[in-house]
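All chains, full assembly: derive it from the sequences and hints.
In case you want the letters, here they are:
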Amino acid sequence: MFKIRINNIEVDAEAGETILSVSQRAGVSIPTLCHMDGIEHYTSCMVCMVRDKASDSYLPSCTALVREGMDIDASGEDVVSARKKAVELLLSEHRAECEAPCRIVCPAGYDIPRLNRLLAAGEYIKAIELVMSELDAPEIRCLSCRGYCENACRRRKIDRQVSIRNIRIFIYHNLNYQGGPQKPVELTEFPDFKKIFSSRTGRIEEEELKEWLKECREAGKRFESVTDFISAGEEAKNCMHCDCRASDNCRLRELAQELGIRDRGNKVAGLPLTKKISQGTGLIFEHAKCIKCGLCVRICEDKKEEPSLCFINRGFVSLISEPLTAEFDDIPAAQAELCVNVCPTGALSFF
Amino acid sequence: MNKKTVNTREETCSCQSTGTDKIIPVVEEVVALTGKGKDRVIPILQEVQKRLSYIPSEALRHICKITDITPGQISGVSTFYSQFHHLPTGKHIIKVCSGTACHVKGSQLISDSFRRVLNIGDRKNTSPDNLFSIEEVACLGCCTLAPVVQIDDKTYGHVKPTQAGDILKDFLVSGGKVSRSEDKASLAGHDAEVRIGLGSCCIAGGSRNILSRLIEITDSFDLRIKIKPVGCVGVCNQTPLLEIVAGNGEHSRYTNVTQDQVEEILLRHIGPESLTKKIRYRINDLADTFVTDHLLESPVNIPADEREKYLNNFTRKQVRLATMHCGILTPDSVEEYLMLGGFDALKKTIQSGDPGQITDIIIKSDLRGRGGAGFPTGEKWRIVANEPGKLKYIVCNGDEGDPGAFMDRMLLESFPYRIIEGMLIAAYATGASEGIFYIRAEYPLAVERIGNALKHCYEKGFLGENILGSEFSFRAEIFEGAGAFVCGEETALITSLEGRRGTPHLRPPFPAVRGYRNRPTLVNNVETLAVVPWIINMGAEAFSRTGSEKSKGTKVFALAGKTARGGLIEVPMGITVREIIEDIGEGVAEGRKFKAVQIGGPSGGCIPASMADTPVDYEELNRMGAMMGSGGLVVLDNTDCMVDVAKYFLSFTHKQSCGKCTFCRVGTKHMLDILTRLSEGKADMKEIDELESLCHYVKNGSLCGLGKTAPNPVITGLKYFRKEYEAHASGICPAKKCRELIRYVITDKCTGCTKCSQECPVGAIGFRPYEKHEINQELCTKCDNCRIVCPENAVEIMDNNV
Chain A
1 MFKIRINNIE VDAEAGETIL SVSQRAGVSI PTLCHMDGIE HYTSCMVCMV
51 RDKASDSYLP SCTALVREGM DIDASGEDVV SARKKAVELL LSEHRAECEA
101 PCRIVCPAGY DIPRLNRLLA AGEYIKAIEL VMSELDAPEI RCLSCRGYCE
151 NACRRRKIDR QVSIRNIRIF IYHNLNYQGG PQKPVELTEF PDFKKIFSSR
201 TGRIEEEELK EWLKECREAG KRFESVTDFI SAGEEAKNCM HCDCRASDNC
251 RLRELAQELG IRDRGNKVAG LPLTKKISQG TGLIFEHAKC IKCGLCVRIC
301 EDKKEEPSLC FINRGFVSLI SEPLTAEFDD IPAAQAELCV NVCPTGALSF
351 F
Chain B
352 MNKKTVNTRE ETCSCQSTGT DKIIPVVEEV VALTGKGKDR VIPILQEVQK
402 RLSYIPSEAL RHICKITDIT PGQISGVSTF YSQFHHLPTG KHIIKVCSGT
452 ACHVKGSQLI SDSFRRVLNI GDRKNTSPDN LFSIEEVACL GCCTLAPVVQ
502 IDDKTYGHVK PTQAGDILKD FLVSGGKVSR SEDKASLAGH DAEVRIGLGS
552 CCIAGGSRNI LSRLIEITDS FDLRIKIKPV GCVGVCNQTP LLEIVAGNGE
602 HSRYTNVTQD QVEEILLRHI GPESLTKKIR YRINDLADTF VTDHLLESPV
652 NIPADEREKY LNNFTRKQVR LATMHCGILT PDSVEEYLML GGFDALKKTI
702 QSGDPGQITD IIIKSDLRGR GGAGFPTGEK WRIVANEPGK LKYIVCNGDE
752 GDPGAFMDRM LLESFPYRII EGMLIAAYAT GASEGIFYIR AEYPLAVERI
802 GNALKHCYEK GFLGENILGS EFSFRAEIFE GAGAFVCGEE TALITSLEGR
852 RGTPHLRPPF PAVRGYRNRP TLVNNVETLA VVPWIINMGA EAFSRTGSEK
902 SKGTKVFALA GKTARGGLIE VPMGITVREI IEDIGEGVAE GRKFKAVQIG
952 GPSGGCIPAS MADTPVDYEE LNRMGAMMGS GGLVVLDNTD CMVDVAKYFL
1002 SFTHKQSCGK CTFCRVGTKH MLDILTRLSE GKADMKEIDE LESLCHYVKN
1052 GSLCGLGKTA PNPVITGLKY FRKEYEAHAS GICPAKKCRE LIRYVITDKC
1102 TGCTKCSQEC PVGAIGFRPY EKHEINQELC TKCDNCRIVC PENAVEIMDN
1152 NV
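Sequences listed follow chains A and B, in order.
Just so it is clear: in the first sequence, position 137 is 137 by the working numbering, and no numbers are missing.
If you count the second sequence from 1, you need to add 351 to reach the working numbering.
Since the hints were made in silico from the structure, they are not lab data.
Keep in mind that the hints are not guaranteed to be accurate.
Unchecked claim - Derived list of chain A stretches under chain B, where covered just means 3 residues or more per stretch with a C-beta under 8 angstroms from a C-beta of chain B:
hint: 1; stretch: 60 to 66
hint: 2; stretch: 127 to 136
hint: 3; stretch: 143 to 157
hint: 4; stretch: 300 to 306
hint: 5; stretch: 320 to 328
hint: 6; stretch: 336 to 347
Just so you know, even glycine gets a beta-carbon here, dropped at the ideal spot from N, CA and C.
Listed below in structure tokens is the structure:
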């Protein structure tokens, strides 16, 4: 047992402990992304960086062990700016389009992609609950709106926009369907969500469209006018889900918010946009959202019979992938579940 | 076969048809040979690739099936190391070296011209007929012959962009065979000794051909001479080098020897035995004087002192400890090493009976790690020695991947026994019982020589149980790296040894405490181990007498780039940069100006000419923003662009980054993007500031030495050559190097000889005999061919924006 200083406070520390765990005990919070208690260290994201004033060096606190005489600065200006840079760099190779164009332009801020997803899955009651909880006026605002959402819809680039307004208005008129909503949905949402990493409206590359179309895997029928829940569901299946499934549950977005980063910054070129979707488990992997923290790799045991995710390639082009000896579809449901749970961004999610 | 066409249909690759039926037996055979442990994954993949020329996914699956290797592991490992191919490659592999020295001498143009000749598209690597695959490799370690191209085992040096077609023809005609006749070198009774260097540079310079010619002549004239292949001679850009030691002890040396000259040189010094042959020799000699006039220019007619001035100046300021007996010792001969006092240090060590005393000597000598960081070697030994536990390892780090550095290769190739002896002494001092030579796969000759040397050492009892009759036992083996620069970092090297992706981890724990297989592991650089026997023999004081205050002893550098002379040099620490460049390297070529010297490769920096009086030692170089690194020393002249050099190094570190930590993976990418934009004239002043700030973050925030030192070339560039960066921001490349900022123009000097028009690969110059030619700027790819071939120097490079 010896003492070290963290933010000028003397703290007891024991050999073999990490700076992070000592700091947490001392009540000093240090953000992390790639770290998770109980899983082997990987030291990748570097957002947990602190500065040891004694040796004048920056250290990743999740892995660096305490040493006698350390004088840690865990919240100073230099440290925060280094952390901020780390997050900015991660964002520069991250798709960082948390919200879909339709939602951004919606004057009421309705969560359009989520509604479409519920309808497509046949979760009609949940869809009603969502619409209910978003009602902030006596009647749904779509009735008097000119439909900016449909103008922004990227589906237009392929055939025609999803009939967002008609779907919503139909639901609004059928709120009592099968007894109506059971319980109100609690919306967890970023304040200023429109300003933090929203999608580019109107612009989408050919190649992106192709990948995004994978989201419409069961789509086919189009219904301009929505007359029942079936047609609402069918029409909703044409939504390409330009938003991120983790838009309200993303460590990277939270951290960016905490550090006051609003700009997506300069993007680095050459990132693949591919979406992989497993037919069996519904696991989706979007490379462009992956920060290569390796949590999904580390949480699964690399077994012969059950292929799990692994790293392939080196350096900037390294990616998370299924093993070269297996298909993405071969990843068993249990592994997929573990991976989605630990993923700090929306790179891994379920359909 | 029509010898003139390069793409020969008959030779169409057979490896395409590698069927499943062949893959499985090959995998089974390999696994039976290498073992099936998890840590065998790299050797298994290497063997499979050797046999199948690539690694099909069927093979990956079968390896997983019959060994302990898991799918995730094999996928990660086989894609991490650049040596492994997952798609069939062409029958022959062309490796275009993109090391520093080759880069500054235009390797990009060489690569482009091979692609053009073979009709290989931008995103492809294999010619349409599957005969050739092309790849750019980090460094072939033949920097003094830059630019270098290697096709299979055959190396071509000093390549010009206009020669691509001829080289391919030569390769196909010769069948890619390199004569390997050194074994035949006779050792019987003789009148004189003829020494011929057989390091990689020498071989690339053609010394194997010289050797076969030597043997041929010796046989045909029945000469009583001893032909002796020796290791690297150091004067690598003047190879092949021939040294004749006559019976009376007189030495005569010849540089740049060609095959035609061998007979003449030989017969000048040594007369034939039998009478008939004497007569034949006379007649030949007489005939030659009549028929040819080349004799006048022949090297034998140049007075000895003039001929050898070059070599003498080169060696005058050098001090040879690690490279002792350079140019004398036959690398493969243990007998010779013993005769010259080899293994005396080991005997002394074992006789001392006190490991602590040996460590003390090393501590007292102040020897510091020659791998770059300069950690005191003795201290490291002590840490390992003090660790409890019986099983300890020693790793000799020969994963020299820095572009522009080749001293580890040369030491391994030329002095294998000395390095083994160094390792044995370290093992005795630290109590280690197993050793591993981690050698880059790009150094096949080094692997071969160390392999032979290890075999001989086991036979002679220097390795194995109870060495020299003592209690001391030690075993050593080779592990071939698989092409990842980051594995030069000791923690990454160890993960790679364990059969994992070579990603570094944070220290502590240091390998000296917990390393290979979680045991204490001493990781020492090749050069560090090579000087150990000298220190033990001569004493710590003798060693620390040489050198500067804080850096003792000598350092081996690979001197390359724009100096008149280049090669491997060993100089005392504290010598100034200027002394190295001007006295040993004889300055830059005429008409050019010495601009800067790049020390330490991608981790180092550029020291400007104005600061050339800086003494070379660890602290001084760090203070300048450069670094000893592993000792690459590339001299730049006024035609080299500092932005281009920085961009070159950044693209190297970016490509070699393991991808683990954010700052190195993404930060270097941003830096590279800005440098690329600068070199294209698309960046503004603000971006220079952004670049500077990125340097700061990447330096502080990266996990390992690779990332922490990656910004150094940019930092020193901005520090000493900021004006040049700013010029790029306004669209001008002062050195006229950045392709986007220059254009080629034909001046009035043009006589209309049409040579440029014939050489232009894209038809940008119209064929107009006896008229002034013009370059169509739209079509011009700036390949430099026209400027090279113009006999009138009428092709000039101009700023694009003027």
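Query raised in the report: Per the coverage rule (Cβ-Cβ under 8 angstroms, at least three residues), is the stretch 300 to 306 of chain A covered by chain B?
Result: Our answer is that it holds, as 3 residues pass the Cβ test (under 8 angstroms) against chain B, meeting three.
Query raised in the report: Taking 8 angstroms as the C-beta cutoff, is the stated coverage of the stretch 336 to 347 of chain A by chain B satisfied by three or more residues?
Result: As far as the stretch 336 to 347 of chain A goes, the hint is violated, because 0 residues have Cβ atoms under 8 angstroms from chain B.
Query raised in the report: Taking 8 angstroms as the C-beta cutoff, is the stated coverage of the stretch 127 to 136 of chain A by chain B satisfied by three or more residues?
Result: Coverage by chain B is violated here, the residue count being 0 at a Cβ distance below 8 angstroms.
Query raised in the report: Are there three or more residues in the stretch 60 to 66 of chain A whose C-beta lies closer than 8 angstroms to some C-beta of chain B?
Result: holds (count 4)
Query raised in the report: Mind checking, does the stretch 143 to 157 of chain A have 3 or more residues with a CB under 8 angstroms from chain B?
Result: violated (count 0)
Query raised in the report: Can the stretch 320 to 328 of chain A be counted as covered by chain B under the rule of three residues or more with Cβ-Cβ separation shorter than 8 angstroms?
Result: Result for this restraint: holds, n = 5.
Of the numbered hints listed earlier, those contradicted by the structure are 2, 3 and 6.
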